[in-house]
Amino acid sequence: MSPDRGAAAAAILVRLRAAIALVVLAAAFSLLSPEFLTAGNLSILVKHVAINAILAIGMTFVILAGGIDLSVGSIAGLCGIAAGALLGRGLVLPPLGVVVYLHTWMVVAVALGVGMAVGAFNGVLVSRLGVAPFIATLGSLYVARGAAMLTSDGATFPNLAGSADLGNTGFTQLGTGSVLGLPLAVWVMAVLAAAAVFTAGYTPFGRQVYAVGGNERAALIAGVPVRRVKLLVYVISGFCSALVGLIIAAQLGAAHPATGQTFELNAIAAVVLGGTSLMGGRGTVGGTLVGAFVIGVLADGLVLLGVSEFWQMVVKGLVIVLAVILDRFQRRSS
Amino acid sequence: MTSGGAPVLEARRVVKTYAGTTALAGVDFYLESGRVHALIGENGAGKSTLLKILAGVEQPTAGALRLHGQDIRFASAAEAAARGIGMIHQELQLFPDLSVAENLFVGRELRTRWGTVAWQSEDEAARKALARLGHEGIPVSTRVGALALGQQQLVAIARELVHDVRVLLMDEPTSALTAAEVPVLFRVIRDLTGNGVSIVYVSHRLEELLAIADEVTVLRDGRVVGAAPVADVDVPWIVERMTGGGLSRRHAARPVDSGRAVLSVENLSLPARPGRTALDSLSFTVRAGEVVGFYGLMGAGRTELFESLLGLHADASGRITLDGEDVCRDAVSGRVRAGLLMVPEDRQASGLVQSLTVRDNVTLSTIGRLAPYGYLSPRAESRAAQPFIERLRVKAPSLEAPVTALSGGNQQKVVLARGVMSRPKVLLVDEPTRGVDVGARLEILESLQRLADEGLGVVFASSDLDEVLSAATRVVVMARGRIVSDMPASDATPDLLAAAASSAPVPNRGANGES
Chain A
1 MSPDRGAAAA AILVRLRAAI ALVVLAAAFS LLSPEFLTAG NLSILVKHVA INAILAIGMT
61 FVILAGGIDL SVGSIAGLCG IAAGALLGRG LVLPPLGVVV YLHTWMVVAV ALGVGMAVGA
121 FNGVLVSRLG VAPFIATLGS LYVARGAAML TSDGATFPNL AGSADLGNTG FTQLGTGSVL
181 GLPLAVWVMA VLAAAAVFTA GYTPFGRQVY AVGGNERAAL IAGVPVRRVK LLVYVISGFC
241 SALVGLIIAA QLGAAHPATG QTFELNAIAA VVLGGTSLMG GRGTVGGTLV GAFVIGVLAD
301 GLVLLGVSEF WQMVVKGLVI VLAVILDRFQ RRSS
Chain B
1 MTSGGAPVLE ARRVVKTYAG TTALAGVDFY LESGRVHALI GENGAGKSTL LKILAGVEQP
61 TAGALRLHGQ DIRFASAAEA AARGIGMIHQ ELQLFPDLSV AENLFVGREL RTRWGTVAWQ
121 SEDEAARKAL ARLGHEGIPV STRVGALALG QQQLVAIARE LVHDVRVLLM DEPTSALTAA
181 EVPVLFRVIR DLTGNGVSIV YVSHRLEELL AIADEVTVLR DGRVVGAAPV ADVDVPWIVE
241 RMTGGGLSRR HAARPVDSGR AVLSVENLSL PARPGRTALD SLSFTVRAGE VVGFYGLMGA
301 GRTELFESLL GLHADASGRI TLDGEDVCRD AVSGRVRAGL LMVPEDRQAS GLVQSLTVRD
361 NVTLSTIGRL APYGYLSPRA ESRAAQPFIE RLRVKAPSLE APVTALSGGN QQKVVLARGV
421 MSRPKVLLVD EPTRGVDVGA RLEILESLQR LADEGLGVVF ASSDLDEVLS AATRVVVMAR
481 GRIVSDMPAS DATPDLLAAA ASSAPVPNRG ANGES
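Protein sequence lines correspond, in order, to chains A and B.
Under the working numbering, residues 1 to 334 are what the first sequence spells out, in order.
Under the working numbering, residues 1 to 515 are what the second sequence spells out, in order.
Source of the hints: derived by calculation from the structure; they are not laboratory data.
Be careful, since some hints might not be right.
[Said to hold, decoys possible] Take a look, some chain A residues computed to stay more than 10 Å from chain B by CB distance:
#: 1; residue: Gly162
#: 2; residue: Ser277
#: 3; residue: Gln312
[Claimed, not checked] Pulled a few chain A residues facing chain B out of the computed Cβ check, cut under 7 Å:
#: 4; residue: Arg5
#: 5; residue: Ala8
#: 6; residue: Ala9
#: 7; residue: Thr203
#: 8; residue: Pro204
[Claimed, not checked] Chain B residues, not near chain A, derived (Cβ > 12 Å throughout):
#: 9; residue: Gln70
#: 10; residue: Glu109
#: 11; residue: Gly134
#: 12; residue: Val332
#: 13; residue: Ser447
For every residue, glycine included, the Cβ atom is placed at its ideal position computed from N, Cα and C.
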């Protein structure tokens, strides 16, 4: 093999490092623990991964456009509570003295709308009022969490199964149901991932996201509707967060206002592990998915091996830092 | 080695390769004490690489450097700086959020005996350095980001002046300067060489090199293809060596056509802000088929005019009509869609999206139209971009190559290709050939004419008299935010334009009233 081909092969290995790490981790854990490759474990694994991956997909768009969204965990919590309130308590309309129970699909739609509305709020702060994304979404992190607490008075809405009389059953299917042996949450992730890969790579909007993150001023001068692009990425992230809130509430059969705390950090970690630059403009949705799986497999495998939770945190942190170092290394060599 | 003083800095058989490609293939170079040695070549010839090696920014793959006759290796730019070698980069490396004085002393702050920053001494030294450059008017406490590009260039030069440089490497120091500022720089250079400082001077402006340099070395494809005292050479000699024979054609201005008005501007005004020129009630019309050259000194307001036309300044007032449509209420993206495109002056900051490929940069303004059903096919996109890459003669390894892999001239063509691809009605080009080599420069200026022939209104701003006179069909001269002269290129002479540009317009007199 000529040195050029050797260098090219090495470059490919470096580029696929996250995927390779994933394969190596999976292989190692299957050797070390007989339980790793069992259907039961894999099902739990992908369910966990799905939650983080869905958040991370939305986060990828925000980060590609040069922003960051710290509010995703809070939005998930708020949307779960919104669904919980609508299912468990109904929509109370004081002036009319009526309580309206919405159909399950309506509940889902309202919760998704809440998530997108908070995302739009972030987007307006960033794109219209020029607030730094870190600050704007840090504010929303608190506001959305507070709103969730206020809605339920800090309590949990138990039993989201609904009742046949009110015509709002079936919500928990989202958490417990499965199609072709795969949990519904995994299907949601798969469909969302496919849509995100398409959007990022094969639509004008996707290209504009990369352009805004790569050089905002150049994008503006080239005619890219920069404000709209920035607004939309936060709406996308809000939508993804709402999905996560719904899935968790459905899985538990209950909505808790503290759901999703610190999820934003896991989502950012998955994006970064997947090779997306925090400066914006570079990265892929596929990379983010791999990143989410690396985090999920690592957590799952370490639990199976009986590694203490504290060590798990140390390992996760080191893996993230290592990934970023490799990333810098690759960028310098190319 | 020729006559004159002893060589201060020498490069012997210097080779530099980057991941398989050879940037320098055994270059010999010498710099004598108190002399100006010009280094010239087209983009990609290896000038920048050689400069970076001399400045310690890069280390040679093979070969040796000698400083004052002794072999030396610089591990970093800081080591070279410690030995009195300073460099002024083409893309200014300043800190926009720090003051002028802070910029001059970044990393080498003056200290009081308590170890804190000696603000007063720094300010004083900064004022002295700027005065030496003939620009004592720039306040040293101003944020550098608030200064115009030309002033920033002066700050970059001043930064080297405040430190005791013995060898100064200047990469395109006049690219952001206007004709009036170049003599100031030359005076500074002579002053420096008189004090024993030696200068390596890189520029694309040949007349300028001949005026200031003592020696010239021509590079092509990483090799020295000519080296001689400047007294023995002329422009054709240099151009022939740079291009390897194919002599450049000079572009002839065509007479003004009377096409339909594609751009009408009425009473365009922009309030003053720090670091930007106020525009005072500008009115003019651009017709299809015209190439209008906006000439003016630094701070005349040409960039502000273009930016206001595009909608980048929300506080601009006046009426802008594009092909009969009022576009004043449209945002930037709306004006672009309506057919008003700008190719900005600062390619790196405002033109290119560095993280995207050549193709993606070219299609950026047209992207919505390439996906009628929302699906952007990479194949179709490449097919759509290819003709424009070819038309502007962009030399790129492939459409999927990162745009940063191209030379400056080709990057500029990419930004132009983007503008052209969107089928604009009016193309605004700010300093079309800044930092572009001779060959690419002619191609770019010719393409402006071709576009006008196809029915566009082309408007460009330039501080280069030659460029305005050779490429424009009509010349508008601006001074201090006003239009002071508007004439067909056939009537324009260098003297006339220079005089108009340096005239201070009388307040309240509508300079464009006669049109």
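Check your understanding: Is it correct that the beta-carbon of Gln70 of chain B has no partner in chain A closer than or equal to 12 Å?
Key -> Correct as stated: the minimum Cβ-Cβ distance to chain A is 32 Å, above 12 Å.
Exercise for review: Could you check that no beta carbon of chain A comes within 12 Å of the beta carbon of Val332 of chain B?
Suggested key: violated, 6 Å
Practice item. Say whether it holds or is violated: Gln312 of chain A keeps its Cβ farther than 10 Å from all Cβ of chain B. Key: holds, 34 Å
Review point. Should the label of Gly134 of chain B as a non-interface residue stand, given a Cβ cut-off of 12 Å to chain A?
Key: Holds: least Cβ distance 31 Å, greater than 12 Å.
Exercise for review: Go through the hint on Ala9 of chain A and say holds or violated, using the shortest Cβ distance to chain B against 7 Å.
Suggested key: Since the shortest Cβ distance to chain B is 15 Å, the answer is violated.
Point to revise | Residue hint Ala8 of chain A, partner chain B, criterion CB-CB below 7 Å | key: violated, 11 Å
Check your understanding: Far enough from chain A: is every CB of that chain over 12 Å from the CB of Ser447 of chain B?
Key -> holds, 18 Å
Exercise for review: Grab the minimum beta-carbon distance between Gly162 of chain A and chain B and tell me whether it stays above 10 Å.
Suggested key: holds, 37 Å
**Study point:** Status of the hint placing Pro204 of chain A at chain B (closest C-beta pair under 7 Å)
**Key:** Holds: closest Cβ of chain B sits about 4 Å from Pro204 of chain A, inside 7 Å.
Check your understanding: Under the criterion of a CB-CB separation shorter than 7 Å, is Arg5 of chain A in contact with chain B as hinted?
Key -> Where the cut-off is 7 Å and the nearest Cβ of chain B is about 12 Å from Arg5 of chain A, the hint is violated.
**Study point:** Interface hint outcome for Thr203 of chain A [beta carbon to chain B under 7 Å]
**Key:** holds, 6 Å
**Study point:** Verdict on Glu109 of chain B as a residue remote from chain A, using beta-carbon distances over 12 Å
**Key:** holds, 28 Å
Hint compliance for this structure: hints 2, 4, 5, 6 and 12 are not met, and every other hint is.
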